Each structure stands twice: as structure tokens, then as C-alpha cells.
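Number of protein chains: 2
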Amino acid sequence: MREGPDIARIASLVGDPARANMLNALMGGTALTASELALEAGVSLPTASSHLSKLMDGGLLTLASQGRHRYYGLASAQVAGMIEAIIGVAEAVGPKRVRPGPRDAAMRMARVCYDHLAGEQAVAMLDRLFDRKLLLREGNEIRLTSAGASHFSALGIESQAKARRPVCRACLDWSVRRSHLAGTLGAAILDKIIAEKWARREKDSRAVVFSPNGRQVFERVFLS
Amino acid sequence: MREGPDIARIASLVGDPARANMLNALMGGTALTASELALEAGVSLPTASSHLSKLMDGGLLTLASQGRHRYYGLASAQVAGMIEAIIGVAEAVGPKRVRPGPRDAAMRMARVCYDHLAGEQAVAMLDRLFDRKLLLREGNEIRLTSAGASHFSALGIESQAKARRPVCRACLDWSVRRSHLAGTLGAAILDKIIAEKWARREKDSRAVVFSPNGRQVFERVFLS
DNA sequence: CGCATGGTTCGATCCTCATCGAAGCATTCT
DNA sequence: AGAATGCTTCGATGAGGATCGAACCATGCG
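Those protein sequence lines, which keep their order, are chains A and B.
In terms of numbering that gives the first Met the number 0, the first sequence is residues 0 to 223.
In terms of numbering that gives the first Met the number 0, the second sequence is residues 0 to 223.
Simulated from the structure, these hints should not be mistaken for laboratory data.
Computed from a prediction, not measured in an experiment: that's the story for all the values here.
Any given hint could turn out to be false.
[As the list claims (entries may be wrong)] Under 8 angstroms between C-beta atoms, here's a sample of chain B residues computed to sit facing chain A:
{"id": "1", "residue": "A7"}
{"id": "2", "residue": "R8"}
{"id": "3", "residue": "N23"}
{"id": "4", "residue": "I85"}
{"id": "5", "residue": "G87"}
{"id": "6", "residue": "V88"}
{"id": "7", "residue": "E90"}
{"id": "8", "residue": "A91"}
Heads up, the beta-carbon is just placed ideally off N, CA and C, and yes, glycines get one too.
Taking the hints into account, I'd like the entire structure generated from these sequences.
Now the structure itself:
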């Protein structure tokens, strides 16, 4: 009987298994078509289409039409953050996994969260960036210092605040229980990591696997 | 058909309006009883009980039994964080608040919360009682000062701690996001307000409507 | 153009689950 | 002990919504 933001509406959108699978699939950051999502969710195409329009109505997805293809993607990093938070709770209370498989270990270490890096590597990186005063924690927000700006610029990592999207934002990690870096800077760093081939994205997974050499470089640049 | 943490299960728990209201009510951090939560959610006690056991099974709540009272609370800060994240998305996505009807405005102003007064009036009253040192905030608890005791006694408002029920307790308000006064003192004050006909309860609603004269008296006594 | 492919809409079916009254436990007060 | 209070369980009811096949649009290709 209370008012306020309709949290039940949003949560119930995520609360259907088919839709949850779709959203999970989109957490990789790449937009997918309705058929791909139908396959991913294990439902027929009409069913998937129905779910997708509900998610669109709910504002959780964006749609990019390209010819006869329609690519669905998560609406925002905020939505991604919410899903991460739900995953975290599900992970904490869920049926204790029998034994974490190798892919789980990789996911824990480094994975894609919408458009930026998450996992232990990402958490360690953010800690280090604070230590080196390249970033400044300001309550709930994160600010890029001038030292940080020139540092990243020197690395060839450029990021600017876009409409409604800050350069830096904290995003809670479900494996570690601490924050990692989101925002345009977080996205730019992930781009750099992939572009330089320090790591590659696992196929059909959110896991990010560093090459032996790439890990060394990454650690020297971000964790030193 | 990917596997992983059962996020749909968790999200669907939050996805029911009644449960969402309960969780929202618990976001204040104070544990509440099943009856209080039933009132907050606007459902019958059996229904509330059913929801609560589902939330317990899902691991979102903890239960502290104290005699015949059973206090439900959020299981962890992680759960609270998840709900905050969902609220964030809901606010970002649905700023289209419908025009609040007259009864909603009345509810916002003053309403019954279980057995005590809630709403803006109640929040203002509690603030004032602190200012006048009639009550003392002690961390999460509220204590009646000796000055307060004689003050309320002079007004003919008598309250004593009953079994397991404190004289004063903070209760989070959903319209304003701050605490109002619960406990036997809060109940006694509401009794006084009704007995003196300063206000009457709206039929079939939790709203409490002050008479013009009653409001003046109330403000002089509690808000001066 | 006609055909194939990717998506959506419609209609019917089915099933889960929210809801409440009544009855049943459990604990505490008198 | 008996009454009262707080809460849960049971049983019946009903509504919302997930699902899929078939039919229907839209775009691109030859």
C-alpha cells in the first residue's frame, strides 16, 4: 500500500526465468537479436518476442534496428549494475555449488560487466588507482584527479563524460564484495585491454582471459 | 540456457507487490513483526505469512523470535544493496508518478501505522520531541527522559513497557524517509488523539484526518 | 516482382500463485 | 487452568501471465 518507485514491476521483469536468461546473456555487453535471445532463453520465438517487448516497456533494454535485424541490448550501466547486485544475492543464498568449475574461476578473476571489467582483477585495479591518487573517492562517487587524467591520457586511454554517463562510477562486484570501476573510463580501459590483446573474451561467456604476457603488462600498468 | 545463480528466483521474490512493500518497509533496518508487515503491504495476515516464509526460504530475510513475537529483518546489507539498486532503476525508468489522489495526500500527511501515528505529522512530532529533550536518541533506540515522562503524564498520556514491547521505538516512514515514533508511547499518543477527537480515522483506510480545531491543538501540544 | 528470412501479433490453452476465511499452534498474561 | 494474542497452515477460489502454433508484416535478395 505504499507508493514510490515501482520496484515490484522492475523486479518481476527480471523474475521470469526466460527474461532472466536473456538479461544474463546481455550482460556480456554485446547486443543480440531476438532469435539469439530466444535460443539463449530456451523459448520459442514468439515467446521471446513477447518478453522482449515487456523488457522494452519496462525500460530495461534498448533496441537498435539495422535492416531486418533488431539488436537488443541493456539500456544502461545502471541496469547492468542492478543485475550484478541480484546475481550477488543469488550467489550468496543460492544452492551451494557442488564445485566451482574452471569457467567459474575465470569469471571470478576477470569478466565483462556490460562494457567494463569486473572480477578480482578489476577490484584490485580500482584499489590501486585510489592508492596512487589517480582517482579520488568522494562519498558514493568517484572523481578523476588531474594526475589521473594525464596518466590515462599518456596511456592512450581517453574518456569523456557523455550525456547522463559519468566518467567514473562504482559498481559492486558479486564475487569479491567490493567495488570495481564503471563509467566511461571503465569502458575505455576494457577497450584498451582488448585492443592491445592483453586479454581476450571467452566465447559464449562473460569471462575475460588474460594471456601470460598480457597479464604481466596489465599488472605493471594498473597494479604496480 | 545458461546456468549459474538463480537470479530469476531472487528477482521474482521481489517482483510481487506485497513482498516488495514488505522489503521496502524493512529497508529502514528495523525488524518488524508479521502483523506490521501485513499492514504495510496491505494484505491479510495469512497472505503476509505466506510471503514471509517465501522470503525466508529465498534467504532474503532473517527471523528473530522473541517470545510470541517474531521479528523479520533483511538478511544482510547485500540484500539491502540489491533492493537499493532495483529502486534506482525503477526511479530512473518510471518517473511518471501518477497524480496522487486526495486520499494519498491525506495518507502522506497522517495515517495509522499498526497502532501509532505515521506520516509527515508524526515525523515532525518526533523531531520536535527530540528537540525538546523529551526523548533521547540512543543509537537505534529511543529513550524517554524523566522530563518526557512527567510531560506525557501531565497530558494524561500513560504508557508502560509491556512484555517485549518497548515504550519507544523508531519506525521508518515511507512518505518522508525518516523515522516516526512507535512503541507503547506512540500507541498511547494515537489513542489520545482519537479519544480527544482531534482526528478521526478514515473509513476503510489508514488515513487519519485532523479536524481544523484538532490540528491546532495537536500542533500546540506536540509541534510547538 | 516473387521468394526467403527475421520478427511480431493473435488466439487459445494451461498453470502457477496470490488471496482470504477458518481453523489450528504456540506463547504469555491473568 | 483458561483466556488472549500473535502467527501459521489448510483449503478453495480466482486472476494474471507464460507458452506455442498459425497467421501476419517487413526487409533483403535474386
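G87/B as an interface hint toward chain A, with CB separation required under 8 angstroms
For G87/B, the interface hint holds, since the closest Cβ of chain A sits about 6 angstroms away, which is under 8 angstroms.
Does the nearest C-beta of chain A fall within a distance shorter than 8 angstroms of the C-beta of A7/B?
holds, 4 angstroms
Minimum Cβ distance from V88/B to chain A below 8 angstroms?
The hint holds - V88/B has a Cβ within 8 angstroms of chain A, the shortest such distance being about 5 angstroms.
Quick check on the hint: E90/B CB to chain A CB, less than 8 angstroms?
It holds, given that the least Cβ distance between E90/B and chain A is near 4 angstroms, below 8 angstroms.
Just to be careful: measuring from the Cβ of R8/B to every Cβ in chain A, is the smallest value less than 8 angstroms?
Status holds, d = 7 angstroms.
Using the nearest Cβ pair, does I85/B come within less than 8 angstroms of chain A?
holds, 5 angstroms
Against chain A, is A91/B within 8 angstroms by beta-carbon distance?
Holds: closest Cβ of chain A sits about 6 angstroms from A91/B, inside 8 angstroms.
Have a go at the N23/B hint: is there a Cβ in chain A nearer than 8 angstroms to its own Cβ?
Status holds, d = 6 angstroms.
Comparing the model with each earlier hint shows no violations; every hint is respected.
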